[in-house]
Each structure stands twice: as structure tokens, then as C-alpha cells.
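Build out the structure end to end from the sequences listed, making use of the hints.
The sequence shown runs contiguously to residue 92 in this note's numbering.
In short, the hints are calculated from the structure, not lab data.
A quick note: this is a predicted structure, and the numbers were derived from the prediction, not measured.
Quick reminder that beta carbons are idealized off the backbone N, C-alpha and C, glycines included.
All the pointers check out, no bait thrown in.
Just the calculated beta-carbon pair ranges, DEER-fashion:
(1) G85 <-> R7: 26 to 32 Å
(2) D76 <-> T54: 18 to 24 Å
(3) K9 <-> G85: 31 to 37 Å
(4) H56 <-> Q86: 22 to 28 Å
(5) H79 <-> V44: 18 to 24 Å
(6) D21 <-> H56: 23 to 29 Å
(7) N10 <-> G85: 28 to 34 Å
(8) N10 <-> D84: 25 to 31 Å
(9) M2 <-> C24: 17 to 23 Å
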Amino acid sequence: MLERFRRKNDTQITFVLPSDQPCGNVSVVGDFNDWQPGAHPLVEREDGIRAVTLHLPSEQCYEFRYLAADNYWFDDEHADAHDGQNSILHT
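Structure below.
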């Protein structure tokens with residue numbers, strides 16, 4: 002799931018997943034971090050979900066996926082769109 006908060010100079014995007022789906026470490030990987038695995042790991046919060054927040058330039062389009070243990074790649078079903086390979090995010 003994606004949570005958004007548009008600010009004056011950027012958009013705050015929080016990538017959110019349940020704490021147990023999938024098991025193990027998960028990071029969000031996309032063109033905003035040069036597709037570097039582990040650059041933005043999701044961290045478990047007190048409410049039992051995992052999340053990471055990024056500040057991205059507004060009015061842009063980004064491709065991303067999640068990467069979990071054992072090289073398991075998956076999309077965000079709540080993304081703005083999907084291009085057949087990646088999830089799409091509009092800020």
C-alpha cells in the first residue's frame with residue numbers, strides 16, 4: 002500500500018506492507034534508488050506493519066518493485082498502475 006503526503010517541494014511516499022507477508026526482510030527498489038536492493042528496507046512499526054518513507058520530487062513517475070528474501074520480487078497491488086513488469090507510482 003502507498004501512503005502519500007504532498008508537501009511544498011516534494012511528495013512524501015510511505016511504502017507499507019503487512020509484517021508477515023512475505024516473511025523476512027523486504028526492501029523497496031526502483032528507479033528512484035537506481036534499483037539498488039537493500040537501499041530502502043521496510044522497518045516494522047509499533048502497529049505491526051512494515052514501512053519506509055521516501056521524499057520524492059512531485060509530479061514525477063517512478064517504477065518500483067519490492068524485493069524479499071530468496072530473491073523474491075513482487076509488485077504493489079495498490080500502485081497507481083502496472084506496466085507488465087513493474088509497479089508505477091505518480092507523485
